[in-house]
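Chains as they are written, first to last, in the numbering used here: chain G, 1 to 355; chain Z, 1 to 365.
If you're looking for bench data, these hints aren't it; they were derived computationally from the structure. Accuracy of the hints is not assured; some may be wrong.
Unchecked claim - Just a sample of chain Z residues kept apart from chain G, beta carbon distances all over 10 Å, derived: (1) Lys253; (2) Gly277; (3) Lys330; (4) Glu335; (5) Val343.
Unchecked claim - Partial selection, computed: residues in chain G whose CB lies under 10 Å from chain Z: (6) Gly173; (7) Glu263; (8) Gly266; (9) Ile275; (10) Leu309.
What the hints assert, rightly or not - Ranges of calculated distance between the beta carbons of each label pair, as one might list FRET restraints: (11) G:Phe162 <-> Z:Gly347: 20 to 28 Å; (12) G:Pro167 <-> Z:Ala326: 31 to 39 Å; (13) Z:Ala294 <-> G:Val191: 46 to 54 Å.
The beta carbon of each residue, even a glycine, is placed where N, CA and C say it ideally should be.
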Amino acid sequence: MIHLQRRANPSKLMGYLAPFIALLLTLAAGFFLFLMLGVPVGEAFRAYFIDPISDSYGLAELGVKAAPLIMIAVALSLGFRAGVWNIGAEGQFILGGICGGAVALYFYEVEAAYVLPLMCLAGIAGGMLWAAIPALLRTTVNANEILTSLMLTYVAALLLSFLVHGPLRDPDGFNFPESRLFHDAALLPSVVQGTRLHIGALVAIFITVMAWVLLSRTLLGFALRVNGTAPRAAKHAGFGQAGLVWFSLLFTGAVAGLAGLFEVAGPIGQLNSTISPGYGFTAIIVAFLGRLHPVGVFFAGLVMALSYLGGESAQITLNMPLAVTGVFQGMLLFFLLAADVLINYRIVLGRERVA
Amino acid sequence: MFETSLLSNARRKLLIAAASAALVLPAAVQSQDALKVGFVYVGPVGDHGWTYRHDIGRQAIEEKFGDAVETTFVESVPEGADAERVIRKLASSGHDLIFTTSFGYMNPTVKVAKQFPDVKFEHATGYKRGDNVSTYSGRFYEGRAVIGTMAGMMTKTNTIGYIASFPIPEVVRGINAFSLAMRKVNPDAEIKVIWVNTWYDPGKEADAAKTLIDQGADIITQHTDSPAALQVAEERGVMGFGQASDMSAFAPKAQLTAIVDDWDPYYIERVQAVLDGTWESTDTWAGIDSGMVAFPGYGSDVPDDVKAAAEVVREGIIDGSFHPFAGPIKNQAGEMIIAEGEVLDDGVLLGMDYYVEGVQGALPK
Numbered sequence: 001m002i003h004l005q006r007r008a009n010p011s012k013l014m015g016y017l018a019p020f021i022a023l024l025l026t027l028a029a030g031f032f033l034f035l036m037l038g039v040p041v042g043e044a045f046r047a048y049f050i051d052p053i054s055d056s057y058g059l060a061e062l063g064v065k066a067a068p069l070i071m072i073a074v075a076l077s078l079g080f081r082a083g084v085w086n087i088g089a090e091g092q093f094i095l096g097g098i099c100g101g102a103v104a105l106y107f108y109e110v111e112a113a114y115v116l117p118l119m120c121l122a123g124i125a126g127g128m129l130w131a132a133i134p135a136l137l138r139t140t141v142n143a144n145e146i147l148t149s150l151m152l153t154y155v156a157a158l159l160l161s162f163l164v165h166g167p168l169r170d171p172d173g174f175n176f177p178e179s180r181l182f183h184d185a186a187l188l189p190s191v192v193q194g195t196r197l198h199i200g201a202l203v204a205i206f207i208t209v210m211a212w213v214l215l216s217r218t219l220l221g222f223a224l225r226v227n228g229t230a231p232r233a234a235k236h237a238g239f240g241q242a243g244l245v246w247f248s249l250l251f252t253g254a255v256a257g258l259a260g261l262f263e264v265a266g267p268i269g270q271l272n273s274t275i276s277p278g279y280g281f282t283a284i285i286v287a288f289l290g291r292l293h294p295v296g297v298f299f300a301g302l303v304m305a306l307s308y309l310g311g312e313s314a315q316i317t318l319n320m321p322l323a324v325t326g327v328f329q330g331m332l333l334f335f336l337l338a339a340d341v342l343i344n345y346r347i348v349l350g351r352e353r354v355a
Numbered sequence: 001m002f003e004t005s006l007l008s009n010a011r012r013k014l015l016i017a018a019a020s021a022a023l024v025l026p027a028a029v030q031s032q033d034a035l036k037v038g039f040v041y042v043g044p045v046g047d048h049g050w051t052y053r054h055d056i057g058r059q060a061i062e063e064k065f066g067d068a069v070e071t072t073f074v075e076s077v078p079e080g081a082d083a084e085r086v087i088r089k090l091a092s093s094g095h096d097l098i099f100t101t102s103f104g105y106m107n108p109t110v111k112v113a114k115q116f117p118d119v120k121f122e123h124a125t126g127y128k129r130g131d132n133v134s135t136y137s138g139r140f141y142e143g144r145a146v147i148g149t150m151a152g153m154m155t156k157t158n159t160i161g162y163i164a165s166f167p168i169p170e171v172v173r174g175i176n177a178f179s180l181a182m183r184k185v186n187p188d189a190e191i192k193v194i195w196v197n198t199w200y201d202p203g204k205e206a207d208a209a210k211t212l213i214d215q216g217a218d219i220i221t222q223h224t225d226s227p228a229a230l231q232v233a234e235e236r237g238v239m240g241f242g243q244a245s246d247m248s249a250f251a252p253k254a255q256l257t258a259i260v261d262d263w264d265p266y267y268i269e270r271v272q273a274v275l276d277g278t279w280e281s282t283d284t285w286a287g288i289d290s291g292m293v294a295f296p297g298y299g300s301d302v303p304d305d306v307k308a309a310a311e312v313v314r315e316g317i318i319d320g321s322f323h324p325f326a327g328p329i330k331n332q333a334g335e336m337i338i339a340e341g342e343v344l345d346d347g348v349l350l351g352m353d354y355y356v357e358g359v360q361g362a363l364p365k
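Taking the hints into account, I'd like the entire structure generated from these sequences.
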């Protein structure tokens with residue numbers, strides 16, 4: 001019989017090393033995967049990890065793809081540290097896109113500098129509003145935020161679908177479910193000429209640094225961490241649980257909403273029913289891949305974004321099926337979770353002894 | 001089955017490439033003047049519906065032109081910010097002709113096309129064109145008229161279950177064409193619609209089929225991409241139609257017939273035009289007469305009189321004696337939309353956003 005026994009003192013060093021070990025194991029397993037597929041291994045690794053970012057446009061695209069992931073994942077990780085499980089960032093992202101996009105359409109053809117800031121505020125407000133619902137339900141009737149925030153995601157998606165099929169539909173668009181293309185004043189300027197890189201990339205860096213400072217240098221950060229690891233101790237220390245729930249949800253809502261607005265005002269440039277390819281959910285994976293540490297999350301976001309770009313590139317240059325990308329992402333998570341188990345538990349052969 | 005052959009095909013090519021030169025770029029192995037044709041797919045090539053048929057079209061090009069062309073595809077590309085990157089990447093990596101095969105790729109296609117004036121683009125189901133952007137689609141509503149006729153004659157419960165994706169004109173037009181043809185042969189029959197808000201989600205499609213059958217539908221039809229609904233029909237002993245491709249392998253008894261999207265001739269024609277240097281931006285909306293909308297034959301349970309009636313409609317559409325949207329047409333409220341002797345023109349059909357008589361429920365707006 002094999003069973004797991006909890007380690008008394010899990011290694012802290014190994015905890016930090018685990019993502020790198022998982023990455024190495026994924027690459028090693030990928031080597032055999034390509035070998036089995038009959039793909040030249042060197043070519044395959046190049047297509048996945050180097051080709052997509054071999055020019056400035058590719059690097060900018062990495063930023064475009066990673067920015068929403070990092071923004072949301074960093075915000076989520078603060079809440080996860082505090083034991084507040086917001087699974088509904090996807091919905092908050094969509095609401096941000098809806099509210100910001102609605103402002104853009106309301107001020108259609110208004111050439112004014114205030115349009116974009118107003119859109120950003122609306123995006124933030126939309127995300128916060130959507131996150132406030134699970135926060136309210138959790139703090140008043142103790143409803144589990146995992147369920148409420150997740151279910152609100154589907155409501156948000158349907159709301160978006162309703163709006164682009166109806167009130168916000170392009171009047172000249174043959175009744176197709178999408179809004180007008182935003183006017184120039186409502187589009188995010190490109191940060192690097194000739195690419196789609198927008199201010200979201202800078203905001204992602206800013207939020208990462210801010211979250212790091214908040215977690216490690218402030219009382220609020222300390223309260224979040226204590227609440228996550230020892231809720232009763234946090235209570236005795238006088239940290240209000242409700243306040244932490246509100247903060248975690250509203251902060252994530254605001255950031256996810258802003259990310260959603262960036263997406264519609266940046267690379268998409270209009271509202272349609274598919275503004276998110278699941279950023280809010282992928283960000284949960286990114287948050288854990290980055291060990292819920294802002295800096296770790298930042299790099300995890302880059303790795304995850306690269307895996308998407310690499311998947312496209314491998315399809316184009318090597319005719320490799322998309323499923324390989326899914327296998328890659330799956331292996332990365334599998335190895336990380338396996339490493340986690342081995343850090344926290346030891347494998348014991350033989351019958352379990354009562355300690 | 002299909003995936004395996006695709007994989008082994010890719011593997012064979014790569015093995016040849018690897019054998020001829022251990023670490024040479026694949027590009028160096030390819031002949032210099034092969035026309036590179038790229039495809040962007042919204043679903044997986046193994047969906048056995050919409051994307052599957054586009055990929056069959058891609059394979060038809062390879063078969064027809066051999067070494068003169070080289071094709072690439074990217075599957076399951078989301079219709080948001082990612083599409084532009086994928087299309088641009090195809091354009092910048094030397095593709096001369098790019099097919100973007102879903103409506104949501106319209107704006108990204110137009111945007112990238114402006115940056116690559118020498119590359120030709122073909123966008124399926126959209127309405128924006130440019131000097132180097134053509135659009136193309138099938139008049140699939142013609143096929144709906146044929147299967148609507150069959151359903152009207154074969155239903156015993158007078159209830160047809162219709163699984164619909166998104167309330168866009170293309171889908172609404174299909175529902176209406178189906179209803180009009182069905183009511184011509186059976187004025188008591190009605191359609192129940194379930195909107196699943198997805199093109200491809202076998203689980204949701206199957207659930208919708210079960211719900212519709214539980215509500216009394218004895219024929220299921222769908223405007224989604226997987227064979228899931230038809231598989232449910234087979235299990236539950238009701239009838240249905242294949243969508244986009246011949247799905248009889250999934251429902252040998254249940255499939256009465258299928259509306260097959262046959263892109264092969266169009267794709268071959270457009271590639272030929274690029275090779276000949278005669279490619280021009282065009283707008284194609286082709287129906288049964290062109291072969292773009294096709295049928296694989298009838299299921300074994302279809303009685304002869306139903307086959308005959310279906311053939312009358314099919315041939316009538318080809319020779320122009322039958323128009324799926326010929327008046328009199330009434331909307332759900334019973335108001336006359338178009339009088340006898342007239343037909344709805346393409347402009348109206350392209351923007352169709354109301355139900356005709358015989359469809360139950362309200363159209364989501």
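Outcome of the hint check:
no.: 1; hint: Lys253; in the structure: holds (31 Å)
no.: 2; hint: Gly277; in the structure: holds (25 Å)
no.: 3; hint: Lys330; in the structure: holds (20 Å)
no.: 4; hint: Glu335; in the structure: holds (19 Å)
no.: 5; hint: Val343; in the structure: holds (19 Å)
no.: 6; hint: Gly173; in the structure: holds (8 Å)
no.: 7; hint: Glu263; in the structure: holds (6 Å)
no.: 8; hint: Gly266; in the structure: holds (8 Å)
no.: 9; hint: Ile275; in the structure: holds (6 Å)
no.: 10; hint: Leu309; in the structure: holds (8 Å)
no.: 11; hint: G:Phe162 <-> Z:Gly347: 20 to 28 Å; in the structure: holds (26 Å)
no.: 12; hint: G:Pro167 <-> Z:Ala326: 31 to 39 Å; in the structure: holds (33 Å)
no.: 13; hint: Z:Ala294 <-> G:Val191: 46 to 54 Å; in the structure: holds (49 Å)
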